[in-house]
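Number of protein chains: 2
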Amino acid sequence: MALRYRTAGTTMASALRRATPQLKIASASARAFSASVQHRADSYVAGEPAGPSVKTQLPGPAVTAGLKDLERVFDTRSASTLVDYEKSIGNYLVDADGNVFLDMFAQIASIPLGYNNPELAKAVSTPEAIRAITSRPALGMFPSTEWGQELEGGILKAAPKGLNQVFTAMAGSDANETAYKAACIWRGTQDRGSRDFSDAEVESVMRNQSPGSPNYSIMSFTSAFHGRLFGTLSTTRSKAIHKMDVPAFDWPAAPFPALKYPLEENKAANEAEEQRCLDEVESLIDEWAKKRPVAAVVVEPVQSEGGDNHASNQFFQGLRDLTKKKNVLFIVDEVQTGVGATGKFWAHEHWNLTTPPDMVTFSKKAQAAGFYFGNPALRPDRAYRQFNTWMGDPVRAILFRAIYNEIERLGLVEHTAKLGDYIYSGLEKLAAKHPDAIKNLRGKGRGTFIAWDSPKRDEIMKATKARGINIGVSGESAIRLRPMLILQQHHADIFLREMEAILASQ
Amino acid sequence: MALRYRTAGTTMASALRRATPQLKIASASARAFSASVQHRADSYVAGEPAGPSVKTQLPGPAVTAGLKDLERVFDTRSASTLVDYEKSIGNYLVDADGNVFLDMFAQIASIPLGYNNPELAKAVSTPEAIRAITSRPALGMFPSTEWGQELEGGILKAAPKGLNQVFTAMAGSDANETAYKAACIWRGTQDRGSRDFSDAEVESVMRNQSPGSPNYSIMSFTSAFHGRLFGTLSTTRSKAIHKMDVPAFDWPAAPFPALKYPLEENKAANEAEEQRCLDEVESLIDEWAKKRPVAAVVVEPVQSEGGDNHASNQFFQGLRDLTKKKNVLFIVDEVQTGVGATGKFWAHEHWNLTTPPDMVTFSKKAQAAGFYFGNPALRPDRAYRQFNTWMGDPVRAILFRAIYNEIERLGLVEHTAKLGDYIYSGLEKLAAKHPDAIKNLRGKGRGTFIAWDSPKRDEIMKATKARGINIGVSGESAIRLRPMLILQQHHADIFLREMEAILASQ
Numbered sequence: 032m033a034l035r036y037r038t039a040g041t042t043m044a045s046a047l048r049r050a051t052p053q054l055k056i057a058s059a060s061a062r063a064f065s066a067s068v069q070h071r072a073d074s075y076v077a078g079e080p081a082g083p084s085v086k087t088q089l090p091g092p093a094v095t096a097g098l099k100d101l102e103r104v105f106d107t108r109s110a111s112t113l114v115d116y117e118k119s120i121g122n123y124l125v126d127a128d129g130n131v132f133l134d135m136f137a138q139i140a141s142i143p144l145g146y147n148n149p150e151l152a153k154a155v156s157t158p159e160a161i162r163a164i165t166s167r168p169a170l171g172m173f174p175s176t177e178w179g180q181e182l183e184g185g186i187l188k189a190a191p192k193g194l195n196q197v198f199t200a201m202a203g204s205d206a207n208e209t210a211y212k213a214a215c216i217w218r219g220t221q222d223r224g225s226r227d228f229s230d231a232e233v234e235s236v237m238r239n240q241s242p243g244s245p246n247y248s249i250m251s252f253t254s255a256f257h258g259r260l261f262g263t264l265s266t267t268r269s270k271a272i273h274k275m276d277v278p279a280f281d282w283p284a285a286p287f288p289a290l291k292y293p294l295e296e297n298k299a300a301n302e303a304e305e306q307r308c309l310d311e312v313e314s315l316i317d318e319w320a321k322k323r324p325v326a327a328v329v330v331e332p333v334q335s336e337g338g339d340n341h342a343s344n345q346f347f348q349g350l351r352d353l354t355k356k357k358n359v360l361f362i363v364d365e366v367q368t369g370v371g372a373t374g375k376f377w378a379h380e381h382w383n384l385t386t387p388p389d390m391v392t393f394s395k396k397a398q399a400a401g402f403y404f405g406n407p408a409l410r411p412d413r414a415y416r417q418f419n420t421w422m423g424d425p426v427r428a429i430l431f432r433a434i435y436n437e438i439e440r441l442g443l444v445e446h447t448a449k450l451g452d453y454i455y456s457g458l459e460k461l462a463a464k465h466p467d468a469i470k471n472l473r474g475k476g477r478g479t480f481i482a483w484d485s486p487k488r489d490e491i492m493k494a495t496k497a498r499g500i501n502i503g504v505s506g507e508s509a510i511r512l513r514p515m516l517i518l519q520q521h522h523a524d525i526f527l528r529e530m531e532a533i534l535a536s537q
Numbered sequence: 032m033a034l035r036y037r038t039a040g041t042t043m044a045s046a047l048r049r050a051t052p053q054l055k056i057a058s059a060s061a062r063a064f065s066a067s068v069q070h071r072a073d074s075y076v077a078g079e080p081a082g083p084s085v086k087t088q089l090p091g092p093a094v095t096a097g098l099k100d101l102e103r104v105f106d107t108r109s110a111s112t113l114v115d116y117e118k119s120i121g122n123y124l125v126d127a128d129g130n131v132f133l134d135m136f137a138q139i140a141s142i143p144l145g146y147n148n149p150e151l152a153k154a155v156s157t158p159e160a161i162r163a164i165t166s167r168p169a170l171g172m173f174p175s176t177e178w179g180q181e182l183e184g185g186i187l188k189a190a191p192k193g194l195n196q197v198f199t200a201m202a203g204s205d206a207n208e209t210a211y212k213a214a215c216i217w218r219g220t221q222d223r224g225s226r227d228f229s230d231a232e233v234e235s236v237m238r239n240q241s242p243g244s245p246n247y248s249i250m251s252f253t254s255a256f257h258g259r260l261f262g263t264l265s266t267t268r269s270k271a272i273h274k275m276d277v278p279a280f281d282w283p284a285a286p287f288p289a290l291k292y293p294l295e296e297n298k299a300a301n302e303a304e305e306q307r308c309l310d311e312v313e314s315l316i317d318e319w320a321k322k323r324p325v326a327a328v329v330v331e332p333v334q335s336e337g338g339d340n341h342a343s344n345q346f347f348q349g350l351r352d353l354t355k356k357k358n359v360l361f362i363v364d365e366v367q368t369g370v371g372a373t374g375k376f377w378a379h380e381h382w383n384l385t386t387p388p389d390m391v392t393f394s395k396k397a398q399a400a401g402f403y404f405g406n407p408a409l410r411p412d413r414a415y416r417q418f419n420t421w422m423g424d425p426v427r428a429i430l431f432r433a434i435y436n437e438i439e440r441l442g443l444v445e446h447t448a449k450l451g452d453y454i455y456s457g458l459e460k461l462a463a464k465h466p467d468a469i470k471n472l473r474g475k476g477r478g479t480f481i482a483w484d485s486p487k488r489d490e491i492m493k494a495t496k497a498r499g500i501n502i503g504v505s506g507e508s509a510i511r512l513r514p515m516l517i518l519q520q521h522h523a524d525i526f527l528r529e530m531e532a533i534l535a536s537q
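As you go down the protein sequences, you meet chains Z and D in turn. With this note's numbering, letter number 377 in the first sequence gets 408, and the count goes up by one each step, no holes. With this note's numbering, letter number 367 in the second sequence gets 398, and the count goes up by one each step, no holes.
Be aware that one or more of the hints could be misleading.
The list cannot tell twin chains apart, which means a pair is met if one copy fits it or any two copies do.
[Claimed, not checked] Here are the simulated lysine to any residue pairs, SDA-like style, with alpha carbons at most 25 Å apart: (1) K86 <-> T176; (2) K298 <-> E459; (3) K153 <-> L89; (4) K86 <-> D524.
Simulated from the structure, these hints should not be mistaken for lab results.
The task is simple: from the sequences and hints, build the whole structure.
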């Protein structure tokens, strides 16, 4: 399969020649390391190794010793390895032992354009960026003369169609929580009508009682993941370990469609399943209206932590229609799906919705966080209702602007759509040969946002790591790919080749 | 009053000569501005103007036009002004019209060492810092080889006595929420004993029901402010506008002592008031044990947003003793009080506690955020219970390290203790002359963390702004000072002189 990586009339290779001044900040040890590996000239980030290389048993001695040392002051039980970020470059992660991994997990899907990307380094080394760090404003009270341009030239340039406003936050979790707050405040304002806060509201809210603290709820779906703060954790339904012992709001969860694969062979059953879930959403909204009215429904375009669960465009259009009909806000959580990985800048663009979502949240690959909205009524009716000291982070706005500009300049969304098709079709061939090892392959037409179920997941994960490939898991049995947007065909070929070898040897 | 600013045997002035290379990044317009104002040679940050200067009516034309423009994409209703951060320097904030303000509010108490501090700029311009931004790790899974040193050389070097561990976060709100989660997980683990999660727990937690989602509560105090996410907002009891329409947990609030001033004249009454509050804490813990057991009590050393409410060292020792006795965790929220402003690095050091708090949260002036703890049992009993993608921010750890080192090098905590005494005694004299204008002066012996009640607060605030002084408000009637740690006597003299003139003209 011959793919051509075209970006605005130029080939990828010629775009690359214009693109990437070599980073000048490497230390002697990083330069020595770089000199010791083979490079490819046609990679997006100059200086990338030609391929993975694992020279020690895993974990190697330096990783083992380093993690043991770190454990004194930092919980390392979830650590996969210890990384030398100075030596890591582009798609390649280098561990403390000098082992080189092709990184198709990308810091839990959060690195957009590779390690030590020189264009991004340039963007955050400017006086404007350094000042944004050292003279960090309380944006709500003392915004900078530059803030409007930083928003309009970056975060808002990337905004989903129909949503021209943003509330900035720090990470995915508070992006979602502030969106939930916006929904509850909107709902309260609507329920109150034109009158002012009542005395009863003012008095009761200080005691966390209704009517001031109302029983509004946020509806999410089974297996959803929206974050781990108290509000978001109440909408997260991925795994018990994420939630155990933490008090939660009594909020409703609707079933997320459990689709059967391959999709082509299960069309009727899947349509029925999606209709069942939509019906359930509708009856839950009605049922909860009496006890804890649903202010918003929140959904991921692909349930990511929960096992890479997909639904059809029709399902999401149905959800949009239903929320409109019920006067419930529709929040799309694009923390993991956003910024290009699905082959659209925002995954919900695939749905061709007749009206846009009410709010779209983002973080991870954007490196900035927050929620987009379009309806002016989602800006609360008076000041200080949605407020905090920092209200986002200007240096991350600058970084997202640079990320967005690079994605546009190099056409990386279209590139990722095509490369995703290439990887998907490679995996499809592998699945045909090894149907017991690659089950329920999913993510067709969704860029590199690809996953499958693997009965021998732990062995497969161990083997891929030993061969220098870093991928992720999700849910109970899924393996997920979450590469960067600069993954190219030669990287994909390495991945497919190694995966084939692993499956052949199982 | 002649203060000598001594730092480890050298005078402030000589320390300053070693300290501050002029920042090289200013643009032509910033240089022209700098050339147009008078400078003082003995200020901590080179290039500071000699004093405030307000040349336009407030808001001036550029601020008005700029905010109107920004309003299209960003809520400016809480904006005090529009700031030119490039021209702002040290203690001086410069607005879009070129008006110069002595900033004694410091971005809601969050700027430690002045605008465009060259030492901090240097610290975040290193290859290590740039890499921490552009190659941001998912710290829980892929910590860097440098992370241990970054923690131990910075955040943990600044740790309160007895607390040698940290969980890093993004801002004050999630610092507190993750501390609350740690408390609930600790409590759940303790209640469970040595057994594994039960089937009933695993099943019920996915529905947000007990026993998996228990009814634990976090107790806070009336007028407290701990943040605005769903968990922290449930402990915030400052103002109705902060909470209205947002669902809250049914958690208990104990009364915070309402002390009478001057303290010397109200000793017995204040002791009785504090005892009343402690008794109430105790009975609330007992009462709630049956319905929503209190996992932790959270308290600010000085209730800051709630009106600058103080309590005695004895009160806090009593609270510590009570929580120990009741097996309830004691969380001290030092988001606003931490990092030197009270004349100790951590405000709770004033209390001379017999045992340290269980957790201490921080953000703002630290520019990094999180919670400190000492008891190993506050690290959850298994991995992934307290986890998220980024788990803090390495560049902020680097920044806090630089902030900490500067504070130590220049002895800024001791400096702030002395300068606070100087300002307090100046205000005391003013209060004696204008007892109706400066009421309940508080913060004696608490560095520059000074406040008073002002019946004509709005007029006073307007007048101070017109004279080029930026201060803050809190609660219903308080004016609060929250200057940076680099405020010096010559700045304090300007503030006291202008305040005297304002009061004389009222």
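Checked hints:
1. K86 <-> T176: between (52 Å within a copy, 18 Å between copies)
2. K298 <-> E459: within (19 Å within a copy, 80 Å between copies)
3. K153 <-> L89: Close neither inside one copy (35 Å) nor across copies (37 Å); limit 25 Å.
4. K86 <-> D524: within (21 Å within a copy, 66 Å between copies)
When the structure is compared with the earlier hints, a violation turns up for hint 3 alone.
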